[in-house]
Amino acid sequence: MSDTLITLNINASDVSVTPGVTVAAAIAMAGDITTRRSVGGAARAPLCGMGVCQECRVTIDGRPHQLSCQTLCADGMHVVTGAVA
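Residues 1 to 85 (the UniProt record's numbering) are what the sequence shown spells out, left to right.
Keep in mind that the hints were calculated from the coordinates and are not lab data.
All residues carry an ideal CB built from backbone N, CA and C; glycine is no exception.
Since no wrong hints were added, every one of them can be taken at face value.
DEER-style ranges, computed between Cβ atoms:
{"id": "1", "residue 1": "D75", "residue 2": "G40", "range": "32 to 38 Å"}
{"id": "2", "residue 1": "G49", "residue 2": "D14", "range": "22 to 28 Å"}
{"id": "3", "residue 1": "G41", "residue 2": "T4", "range": "35 to 41 Å"}
Given these sequences and hints, build the entire structure.
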């Protein structure tokens, strides 16, 4: 088992995780599970964990609508969620 951590940036805060962690899990570890906002502005969060519900969509490295539950964290990745309006 390696003690290596990777660091990504979530909503302008650095978060360090072990390799193999999904972006959705890293968002939860950062303290706010909100991934997007509904049309009415309600906070949404991952539901199914397998990419079907689409509630986990975030912007990753400038690319919107990425499924955070299906994306593994990468060192230096930048993630923006719907928690920041």
